[in-house]
Amino acid sequence: MAEVKEITRKLEEIHKKIKAEIPWEPLGPTPMPEIPDLRNWDMRLLKTYAPFYAPFCDLCCLCTYGKCDLTETRRGGCGIDIGTQQARFVLLACLIGCSAHAAHGGHILEFLIDKYGPDKKIDLGGSINIEAPHIRTVVGLKPETLGDLVIAIEYVFKEITHLLDSTHMGQEGSCLDYESKALHAGMLDHVGMEVADIAQIVGFNYPTSVADTPMVDLGWAAVDKSKPVILFVGHNPATSTVVIDYLRENNLYDQVEVCGVCCTALETSRYSDRAKVVGPFSRQLFFIRSGIADVIMTDEQCIRTDMPIEASKAGSALIAALDKAMYGLEDASEMDTAEIVRQMVDDKKHFAILDPRKAAEVAAKVAMEIAPQRRKEWLTEDEAKELATKCNVCGMCEQVCPNLFNIGAGIAEVAKGNFDLIREQFNLCVGCGKCEAECPRKIPIFKIMQIAASKETWKMRAGRGPIMDTEIRTVGAPITLGTIPGVVAIVGCSNFPDIRDVAEMVDEFAKRKYIVVLTGCSAMVAGMWKDADGKTVYEKYPPNFDMGGVVNIGSCVANSHITGAAIKIANIFAALPLRGNYEVMADYVLNRVGAVGIAWGAYSQKAASIATGCNRLGIPVILGPHSSKYRRLYLSKKEEDDWKVMDARKKEIVDTGEPSPEHLAYVCETKEKAMVMIPKLCIRKNDTPQGRAIKLNHYISLHKKFMGGGLPEDIHLFVRRDPDIPLVYKKEVREYLQKIGWQPREPVGLPTLIGTYPSKVPVDAVIH
Amino acid sequence: MSTVIPYHRVNVLTGIKSARLIEDAQEYAGLIQKAKRPLLILGPLLLKSSLDGRLLIEYALDIAKAANIPICATAQVRAKMMELEVKPDSCYDVVEIINALKDPNWQGVKKEGNHDLVLFFGIRSDLGEQGLSVLKHFAPHLKTMTLCKYYFPHANYSLPNFRKDEQWKAFLESLIDNLKKGA
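For the protein sequence lines, the chains are A and B, in the order given. Residue 1 is where the first sequence starts when you use this note's numbering, and the numbers rise one by one after that. Residue 1001 is where the second sequence starts when you use this note's numbering, and the numbers rise one by one after that.
Source of the hints: derived by calculation from the structure; they are not laboratory data. Incorrect hints may have been included.
[Unchecked claim] DSSO-like, lysine-lysine: derived pairs with alpha carbons at most 30 Å apart:
| no. | chain 1 | residue 1 | chain 2 | residue 2 |
| --- | --- | --- | --- | --- |
| 1 | B | Lys1080 | B | Lys1181 |
| 2 | B | Lys1169 | A | Lys416 |
| 3 | B | Lys1164 | A | Lys442 |
| 4 | A | Lys637 | B | Lys1111 |
| 5 | A | Lys638 | B | Lys1087 |
| 6 | A | Lys704 | B | Lys1111 |
| 7 | A | Lys158 | A | Lys10 |
| 8 | A | Lys5 | A | Lys19 |
| 9 | A | Lys313 | A | Lys455 |
| 10 | A | Lys705 | B | Lys1048 |
| 11 | B | Lys1080 | A | Lys511 |
| 12 | A | Lys705 | B | Lys1111 |
| 13 | A | Lys629 | B | Lys1048 |
| 14 | A | Lys434 | B | Lys1048 |
| 15 | B | Lys1110 | A | Lys638 |
| 16 | B | Lys1017 | A | Lys637 |
[As the list claims (entries may be wrong)] Chain B stretches covered by chain A per the calculated footprint, using a threshold of three residues with CB under 8 Å from any CB of chain A:
| no. | region |
| --- | --- |
| 17 | 1008–1018 |
| 18 | 1119–1130 |
| 19 | 1135–1147 |
[What the hints assert, rightly or not] Interface residues of chain B toward chain A, partial, derived using beta-carbon atoms under 7 Å:
| no. | residue |
| --- | --- |
| 20 | Pro1044 |
| 21 | Ala1075 |
| 22 | Gln1076 |
| 23 | Arg1078 |
| 24 | Met1082 |
| 25 | Asp1093 |
| 26 | Val1095 |
| 27 | Asn1099 |
No experiment lies behind these values; they were computed from the predicted model shown. Backbone N, C-alpha and C fix where the C-beta goes; we use that ideal spot for every residue, glycine too.
Sequences are here, hints too, so could you generate the full structure?
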């Protein structure tokens, strides 16, 4: 009885928070879900896509019972085993990532509410009515003001606390429950990201309801080093936008060059298309060591922890502008501006300045004072050759390289006057700087790399934020029927095996009429390649969310708009209510929306949580080779696994035997393999024969292109009936199917997992 | 426990159970020949590197042939094998074959039962080491062995960090000879 009362009280609280009385849509079963509320959905996913653990460390060092050795079947002092420990780490990673985005969102909201008040309306333009698909689906709230976003972010904060609690020693003992919690964290992350980006769009007037956003300059050589240069590093635009405002208000914007590295660059170029995008995180150290930045302003997330040391080495001034990274610097937020400038210019001191207006004024003044005194020239080939002569090819640099290549060999070639190898290697460099730190002869490897770095400049399209509802109406049918073969989301960080891979993948799939969407560092590097006509992929392909389009969505937090588009397809095109209705949305996406994420250079915990959030929503993710170090994948075992679905029209459970999508989180070693996996992971049970034939056409043709001819060995699993076979391969596929004794099977009318596991959701809820 | 530090520091062992380092090709050949159902997993690095002008994939194919070991081609290795007119016994990507191998009831690439010895050759070392970690912890029913140039702590049997390619080449050639003799 007391339990029932408690549940009722909780529900009343939730209903109050989400303004349940406003009847914009019927309320589904899980508004503001807590840890157990979507557990059954998770367990159903995990039954088919079992966690695959690759322990990165055999020990647990979290408490004073340890270090505990967990090798093989051993357990730690608390009873934990190696699999559960990996799952705990995955949850921790997801929580770190989710917290980073949510805190970013929370900070931006605070900043903007301070400026505009909580009643500032959310208006994303005439083409976007479903402004917040994640908040609507997960929280059950239709946010109308910045103040409403606070309700969503506070829900995320609360859940993060409960999830983090579960990682304390001696608690959760099931890897599957840890996975369910990680999936919960991933889902929350997309809510947090959505809050952050909606607030930014509203508060900073970013482009919205438009596809054709401005082209912005990309590349380190695009930065006009003859001017004072202010470089922003990180993710949070609260700083960079205020600096630009200051420069504009004081008529200084023509005199000062503003540029950024990592997502802050993307955010800044959404605010002002004159801001230059230097490049991804992997070029951060390289650019800082070039000394071109007079002032470096850091905010949060992907910024180097040794920034004060690096800034000093390069002779740049540093302002830490957010409390997430203060580097032990003196907090000058209350200090007199003139005095801060004096100490930065005369004494070469760095400061933390948490007042954005003050930080902006100081940055502008310091940059203008110190720029004329600084030498900002790229290294010459002769200088590089001279610096390289000390290399005796000891191999220490190779041993510490996270991308496992021998930069020493490139340096030795430079000493001989040959720059070809180091130019090639620059494409492999992930920018950590370990090689230089390890070099016993203190060779300035990053400086030498200046001669390897192309001085070419490129154009990229500024991030555009949410996909428009009008676009969803156009593509909803062809995506769910399969005639648009898929949405390929190439997202995230820059720990690439080779930086050139991204543009190649974008080009391949845009050419094949997939919809290609990009975010974060991947959006930048996609632009750092030109075709024979001198065009980047942003110039070569249209910017629409439609077949053959190449769409830059924006920074990390804009990833929520990609998953949001998948929800919008269910809500707008299929007219399924989304409010507090997560399972129905996720089930729809899993079975009907052929979307796949590619995080080819994922390194961050944010990438882990973004990907895990995609997985809970039914979107598979392909990761690059480094990502095996995340410790966990979600893999099926093809036909051996459970591919039963409910045919919602007939109310019958059908064993399809079709592994679609085959995996939820998957690592590929090479881009060639990834490009064969992408079309396969876009296959969905809902495909029409025409759509399936189009998807299989790409799967077979890419297999032939990269795997040495022939048919994929598993092609029979994806052919339901003869019309599924692509016309161009009809004869070959028919012969193969006949040879192996394939039998046709009926496509499922309305495939759903609802009804195949315990759920509060009735099967009829998926029928539109 | 060995104190050998892997060449690529990302693979440094944080645990207690590490690979037995073997430099003697005859001993390696003996272990391979003792196995009832070995499997040779080939990775894409074999297509990029040569020893003395001979692509590494050719050494790999010689090893497979000498000891009649079925091959699992990962990534785009199949394409090169087809070019060399050798059809791989199976094609899985590296995480897929490892996922299959860790199931003791899996019937192996020849449907004759799971493999008892798995040889890794040509997979990038961090990914390879992660894969070996999976099998070390979760596949007690099989042993693992590496043929790459460096030490892999998570394997059961590993080569040392060869300082020179010539040493590695000599090992591989001797291994092939020993396997041929044994056959």
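Hints versus structure:
1. The suggested pairing of lysine 1080(B) with lysine 1181(B) holds, with an alpha-carbon distance near 28 Å, which does not exceed 30 Å.
2. Between the alpha carbons of lysine 1169(B) and lysine 416(A) the distance comes to roughly 28 Å, so the proposed pair stays at or under 30 Å and holds.
3. For the proposed pair lysine 1164(B) and lysine 442(A), the alpha carbon gap of about 24 Å is at most 30 Å, so the pair holds.
4. With a C-alpha separation of about 15 Å, the suggested pairing of lysine 637(A) with lysine 1111(B) holds against the 30 Å cut-off.
5. This hinted pair checks out: lysine 638(A) and lysine 1087(B) have alpha carbons roughly 22 Å apart, not beyond 30 Å.
6. Proposed proximity of lysine 704(A) and lysine 1111(B) is supported: the alpha carbons are some 26 Å apart, at most 30 Å.
7. Straight-line distance between C-alpha atoms of lysine 158(A) and lysine 10(A) comes to about 14 Å, which keeps the hinted pair within the 30 Å bound.
8. For the suggested pair lysine 5(A) and lysine 19(A), the alpha carbons sit about 21 Å apart, so the restraint of at most 30 Å is met.
9. Straight-line distance between C-alpha atoms of lysine 313(A) and lysine 455(A) comes to about 23 Å, which keeps the hinted pair within the 30 Å bound.
10. This hinted pair checks out: lysine 705(A) and lysine 1048(B) have alpha carbons roughly 18 Å apart, not beyond 30 Å.
11. A C-alpha spacing of about 26 Å is found between lysine 1080(B) and lysine 511(A), which places the hinted pair at or below 30 Å, so the restraint holds.
12. Restraint check for lysine 705(A) and lysine 1111(B): satisfied, since their Cα atoms lie roughly 29 Å apart, inside the 30 Å limit.
13. The straight-line distance between the Cα atoms of lysine 629(A) and lysine 1048(B) is roughly 24 Å, inside the 30 Å bound, and the hint therefore holds.
14. As the CA atoms of lysine 434(A) and lysine 1048(B) are separated by approximately 25 Å, the hinted pair is consistent with the 30 Å bound.
15. At roughly 17 Å between alpha-carbon atoms, lysine 1110(B) and lysine 638(A) fall within 30 Å of each other, so this suggested pair holds.
16. For the hint linking lysine 1017(B) to lysine 637(A), the alpha-carbon distance of about 29 Å falls within 30 Å, and the restraint holds.
17. For the region 1008–1018 of chain B, the stated coverage by chain A is satisfied: 8 residues place a CB nearer than 8 Å to a CB of that chain, which reaches the threshold of 3.
18. Closer than 8 Å: that is the beta-carbon criterion, and the region 1119–1130 of chain B has 6 residues meeting it against chain A, so the requirement of 3 holds.
19. For the region 1135–1147 of chain B, the stated coverage by chain A holds: 4 residues have a C-beta nearer than 8 Å to a C-beta of that chain, and at least 3 were required.
20. Hint status for proline 1044(B): holds, given a least beta-carbon distance of 5 Å to chain A, under 7 Å.
21. Hint status for alanine 1075(B) relative to chain A: holds, with the closest Cβ pair at about 5 Å, below 7 Å.
22. A least Cβ separation of about 4 Å between glutamine 1076(B) and chain A falls short of the 7 Å threshold, and the interface hint therefore holds.
23. At a threshold of 7 Å, the smallest CB-CB gap from arginine 1078(B) to chain A is about 5 Å, leaving the interface hint in force.
24. Annotation: interface hint on methionine 1082(B) holds; nearest CB of chain A at approximately 4 Å, less than 7 Å.
25. Against a cut-off of 7 Å between C-beta atoms, the interface hint on aspartate 1093(B) holds, since the closest Cβ of chain A lies about 6 Å away.
26. The beta carbon of valine 1095(B) comes within 5 Å of a beta carbon in chain A, closer than 7 Å, and the hint placing it at the interface holds.
27. Hint status for asparagine 1099(B): holds, given a least beta-carbon distance of 5 Å to chain A, under 7 Å.
Violation of the numbered hints given earlier is absent; every hint is satisfied by the structure.
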